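Go ahead and model the full structure; you've got the sequences and the hints to work with.
Line by line, the protein sequences give chains A and B. For the first sequence, this note's numbering gives the first residue as 1, with consecutive numbering after it. For the second sequence, this note's numbering gives the first residue as 1, with consecutive numbering after it.
Be a bit skeptical, because a hint or two may be false.
As the list claims (entries may be wrong) - Simulated pairs of lysine-lysine, DSSO-like, Cα-Cα distance not exceeding 27 angstroms:
(1) Lys-503/B <-> Lys-416/B
(2) Lys-307/A <-> Lys-62/A
(3) Lys-52/A <-> Lys-109/A
(4) Lys-179/B <-> Lys-387/A
(5) Lys-179/B <-> Lys-125/B
(6) Lys-356/A <-> Lys-189/B
(7) Lys-396/A <-> Lys-126/B
(8) Lys-96/A <-> Lys-356/A
(9) Lys-125/B <-> Lys-396/A
(10) Lys-376/B <-> Lys-397/B
(11) Lys-277/A <-> Lys-500/A
(12) Lys-375/B <-> Lys-396/A
(13) Lys-416/B <-> Lys-436/B
(14) Lys-508/B <-> Lys-475/B
(15) Lys-432/B <-> Lys-397/B
(16) Lys-375/B <-> Lys-335/B
(17) Lys-424/B <-> Lys-446/B
(18) Lys-436/B <-> Lys-446/B
(19) Lys-132/B <-> Lys-387/A
(20) Lys-307/B <-> Lys-335/B
(21) Lys-397/B <-> Lys-368/B
(22) Lys-126/B <-> Lys-255/A
(23) Lys-503/B <-> Lys-255/A
(24) Lys-126/B <-> Lys-387/A
(25) Lys-255/A <-> Lys-125/B
(26) Lys-373/B <-> Lys-338/B
Derived from the structure by calculation, the hints contain no laboratory data. Here the structure is a predicted model, which means the values were calculated and not measured.
Here's the letter readout for the chains.
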Amino acid sequence: GMRQLVWRFQVSSALKEGHVTPTELCQRCLALIKSTRFLNAYITVAEEAALKQAEESEKRYKRGQPLGVLDGIPIAVKDNFNTAGIETTCASNMLKGYISPYNATVVQKLLDQGAVLLGKTNLDEFAMGSGSTDGVFGPVRNPWSYSRQYKEKSVSKSHSEDEESNWVITGGSSGGSAAAVSSFTCFAALGSDTGGSTRNPAAHCGVVGLKPTYGLISRHGLIPLVNSMDVPGILTRCVDDAAVVLGSLAGHDPKDSTTIQDNFKPFELPSLPDVSKLSIGIPKEYHAPGLSSEILALWSKAADLFKNAGAKVIEVSLPHTRYSIVCYHVLCTAEVASNMARFDGLEYGHRSDMNKSTESMYAATRREGFNDVVRGRILSGNYFLLKQNYENYFIKAQRVRRLIANDFLKVFGGGVDILLTPTTLSDAVPYREFIKEDNRTRSAQDDILTQAANMAGLPAINVPTALSERGLPIGLQFIGRSFQEKQLLTVAKWFEKQVKFPMIQLEEVKRHNHDVFQHQKSASFS
Amino acid sequence: MAAAVATAARGCSGVWCRAWQRGAGGPGHSPHGQRAAASSARGGAVPVGKSGLAPWVPVVGLEIHAQISSNSKLFSGSQVQFAAPPNSLVSFFDASLPGTLPVLNRRCVEAAVMTGLALNCSINKKSLFDRKHYFYADLPAGYQITQQRVPIAVNGSLSYSLCIDNKMSQMVTKTVRIKQIQLEQDSGKSLHDDTRSQTLVDLNRAGVGLMEVVMEPDMCCGEEAAAAVRELQLILQTLGSSQAVMADYEIQRQIEELENGGTILNETRAFDSKLGCTVPMRDKEGKQDYRFMPEPNLPPLILYDAKSLPANMNHQQVVNIDWIHERLPDLPSVKRAKLVEQYGILPEHSFALLNEDGLTEFFENVVKQTQMKPKKVIGWILNVLLSYLKEHSLTVKESPISSLMMADLLNLLEKKEISSTAAKQVLAELWKGEEKTPLEIVKEKKLELIQDQKELEQICQAVIDGQENEVMAIKAGNLKVLNKLIGLVQRETRGRSNPVLVKQLLEKKLSE
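Printed below as a string of structure tokens:
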């Protein structure tokens with residue numbers, strides 16, 4: 001119906017047909033970024049550069065030679081991807097003011113296809129966190145905190161508390177990217193996903209969050225958290241858009257030896273996806289302690305949707321999932337300890353004034369440059385890597401990682417095509433609740449349903465599914481076979497069509513930016 | 001106790017090595033088990049001194065770091081070049097900029113495979129890279145990428161020869177086992193400015209590919225270690241896998257230190273080319289825990305042979321061990337055997353020829369261009385030309401005397417136009433590099449042999465007349481004194497007489 005038309009509005013065709021120019025689109029996004037500054041979604045807004053890119057794009061459209069679907073589309077990039085000429089901070093004192101001399105491969109690919117880079121989005125320091133609350137530039141606020149849906153259901157119930165204290169977190173660590181997409185300030189954003197950092201905030205912010213197969217997209221230029229698990233993530237407002245961005249990024253990169261050797265053929269998703277011949281696995285271990293009853297109910301409702309569509313839905317077991325968190329902790333901190341060793345104040349980044357000796361300069365630089373979370377992980381990681389501990393921790397964790405990956409292989413080998421799970425245990429919590437627990441506890445809880453896919457390198461996607469009783473988004477996760485992104489996204493698209501996730505109603509933003517908002521809410525670009 | 005002592009030498013532009021030695025101390029210090037282990041490692045019994053105390057038994061193992069000859073670094077596209085301006089050969093990866101990743105240089109892999117094959121190693125078809133962590137100003141990433149767990153080549157051997165009691169004629173051949181060869185990154189250079197208490201860092205060398213060759217403790221002394229290193233150096237140069245420019249200073253230092261009864265500390269030493277010796281370097285050994293971990297950004301290094309090479313594989317993208325094996329050049333041991341067979345020279349001569357870069361070629365060129373027998377040519381090359389070169393610290397390629405000139409000179413000698421004494425004078429002139437031919441010098445200096453027999457007879461008679469005592473001695477049977485007379489004739493003729501002829505003339509006159 002009418003609603004569907006609006007939802008499927010294609011900005012790309014609008015650009016092609018001249019209904020809107022890249023410059024207009026860019027200006028509107030920049031205006032929205034300004035009016036939603038309170039969300040703290042962006043660390044750096046590259047206004048001038050973006051307008052210049054938009055101008056170039058406009059010339060191409062005028063010549064009738066746009067570079068492709070992405071030409072003129074405003075995008076945002078998480079601030080742990082290197083961008084030449086634009087600050088890359090990782091939300092850390094260590095890299096405040098750091099301007100990289102090169103573009104990450106994914107950034108370069110987007111620019112090469114005419115995308116307009118608006119700016120760099122906020123995150124937990126060095127992507128270590130699950131709330132986007134632990135960066136040096138402050139926490140990101142979930143746009144849904146300011147939606148009519150949330151206010152009606154939550155704020156009205158507690159008149160005594162002021163609105164200020166009720167805002168909810170975005171999840172993380174790619175919270176800035178999720179908030180940016182969710183609040184219409186851009187059409188797509190890059191996140192990174194090491195243990196769930198793209199899917200988790202996508203779930204909390206009601207957007208699509210895709211973590212592709214490890215090795216499908218280049219990590220060159222992504223400042224690493226855990227090299228063996230990091231994957232650039234894609235955040236969009238619909239599954240089709242995620243497929244377009246994936247198509248523009250995937251494939252071999254000579255600068256990243258862990259990428260696939262083959263070239264990647266971009267694909268289009270069927271307009272009428274069919275799931276009737278599929279076998280959907282429901283892993284029982286994902287019924288984890290702490291899973292909210294409404295998410296559980298939504299999960300089983302989703303399973304019923306597939307059943308009713310003729311798909312085979314079966315319960316499966318991934319028995320080693322429960323060891324995943326502790327195993328992840330060892331592997332993650334070990335690689336963190338190693339990766340962070342380069343930040344010594346010599347070549348780049350923060351350098352302490354301390355000059356008693358080289359060693360004291362290192363120590364002071366790292367103390368001043370890193371927050372407690374980063375320093376804590378470096379400490380644990382170095383402990384696990386000590387000669388006397390290596391066998392007991394690192395090697396053991398690697399073995400468990402293999403078992404976790406084998407669990408998935410067995411299930412997929414047994415005929416299951418796609419796994420359906422919740423993405424998070426609950427909807428987003430208010431910031432004031434969230435910070436009652438420390439980062440480590442939070443990360444362990446929040447990554448529980450997402451990081452096994454990173455352990456196994458599998459593709460996974462969050463699809464916004466429904467609103468909770470509090471009026472906040474809930475997402476479900478699909479996990480697919482390695483390099484079977486097309487199948488995964490096809491299922492996700494079918495599901496997206498079924499659930500008709502409601503659009504965010506940003507009353508306040510709308511009031512102030514009526515015109516702008518009218519255009520931006522035409523959700524997708526493809 | 002079995003003392004573990006270790007040192008390392010670092011050549012300024014090629015090879016550095018860590019020699020480690022184990023020695024069994026006196027009974028008061030050493031549990032017998034350990035002493036036995038130390039001695040069995042060298043494959044012989046520990047000699048016991050007269051006093052009943054076991055003397056020190058050095059057991060030498062070596063870790064040799066050879067810089068791989070390649071145009072670019074091990075994991076980045078930066079050029080490898082000696083003496084470039086500081087920090088002019090530094091890629092983003094070499095400076096460890098966040099987000100950069102290593103990309104393995106195929107040429108370095110091939111060099112290591114070549115070296116492995118030349119050292120009779122088995123080549124691992126799958127090898128792995130590891131990170132070795134330590135903080136140092138010239139190690140920008142805070143870790144070095146190396147091959148700690150599964151190196152590219154293992155279980156090889158190296159045969160080397162050395163002379164006993166410094167006599168070239170008494171050579172023995174020994175073998176040292178090669179434990180492994182691993183690929184790893186070099187570090188940068190730190191320059192300490194003590195007066196301003198600054199450290200300057202040059203990253204040109206950071207990330208250059210090294211091969212670490214680990215030798216088992218099969219050697220028993222510095223001389224053996226030196227000979228093994230020398231042989232390895234020749235092999236690397238022959239393969240072209242490394243320039244292997246190597247300072248022998250460290251080995252020499254150790255030998256002296258040990259012979260003087262000193263202890264060798266657990267330290268890494270750097271070679272200072274100005275001082276001509278090695279100096280203590282950073283203190284990175286000892287209690288340091290390197291916190292090794294697999295390098296997550298590099299997949300396992302897979303090598304193929306003819307059997308395992310997949311048909312659809314792009315040959316540009318794989319390293320084929322068999323292909324490299326077929327193209328290995330003659331190794332020094334084979335070259336030496338060929339020289340001995342082809343030219344009839346002594347084995348020790350073949351060693352001397354190979355020990356100097358370019359000397360074999362020089363020798364062969366001279367042989368080609370002269371009628372003189374190779375057996376005689378070798379003496380002129382090794383005893384005369386080489387001493388000149390050594391005296392002036394020149395390489396063969398820098399020699400002012402070309403192989404053609406040398407051949408011309410030896411031809412004059414061979415045709416008996418000049419004496420060998422005169423030949424040496426000509427050589428001294430040639431050394432000045434004034435672009436005169438040997439013949440021109442001979443003419444100019446009037447060095448031709450005296451062909452006029454009467455003239456020579458007169459000179460001989462004059463010498464006999466002037467040396468009454470000597471003549472009496474000879475007549476009394478002391479024939480050795482004749483040599484003195486020959487010498488006097490030579491002096492009188494300024495080397496222009498044929499000693500054989502002079503001897504005949506003198507004998508004839510004395511028997512008259």
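**Request:** For the pair we were handed, Lys-307/A and Lys-62/A, check the Cα-Cα distance against 27 angstroms.
**Result:** 49 angstroms, violated
**Request:** For the pair we were handed, Lys-503/B and Lys-255/A, check the Cα-Cα distance against 27 angstroms.
**Result:** Roughly 79 angstroms separates the two Cα atoms, so the pair is violated.
**Message:** With the threshold set at 27 angstroms, check whether the alpha-carbon distance from Lys-255/A to Lys-125/B stays at or below it.
**Reply:** 23 angstroms, holds
**Prompt:** CA of Lys-52/A to CA of Lys-109/A, is that 27 angstroms or under?
**Reply:** 18 angstroms, holds
**Asked** Between Lys-277/A and Lys-500/A, does the CA-CA distance stay at or below 27 angstroms?
**Response** Cα-Cα ~22 angstroms, so holds.
**Prompt:** Under the criterion that the straight-line Cα-Cα distance not exceed 27 angstroms, is the pair Lys-307/B, Lys-335/B satisfied?
**Reply:** Status violated; Cα separation ~30 angstroms.
**Prompt:** Holds or violated: Lys-373/B with Lys-338/B, Cα cutoff 27 angstroms?
**Reply:** 17 angstroms, holds
**Prompt:** Within 27 angstroms, alpha carbon to alpha carbon, are Lys-436/B and Lys-446/B?
**Reply:** Between Lys-436/B and Lys-446/B the Cα gap is close to 14 angstroms, so the pair holds against 27 angstroms.
**Request:** Would you check the hint for Lys-396/A and Lys-126/B, treating anything up to 27 angstroms between C-alpha atoms as holding?
**Result:** Given that 27 angstroms is the threshold and the Cα spacing comes to 22 angstroms, the pair holds.
**Item:** Proposed proximity, Lys-335/B with Lys-375/B (alpha carbon, max 27 angstroms)
**Value:** 17 angstroms, holds
**Asked** Is the straight-line distance between the alpha-carbon of Lys-416/B and that of Lys-436/B 27 angstroms or less?
**Response** The hint holds at about 20 angstroms.
**Prompt:** Can the restraint linking Lys-179/B and Lys-387/A be considered satisfied, given a maximum Cα separation of 27 angstroms?
**Reply:** Cα-Cα ~22 angstroms, so holds.
When the structure is compared with the earlier hints, violations turn up for hints 2, 12, 20 and 23 and for no others.
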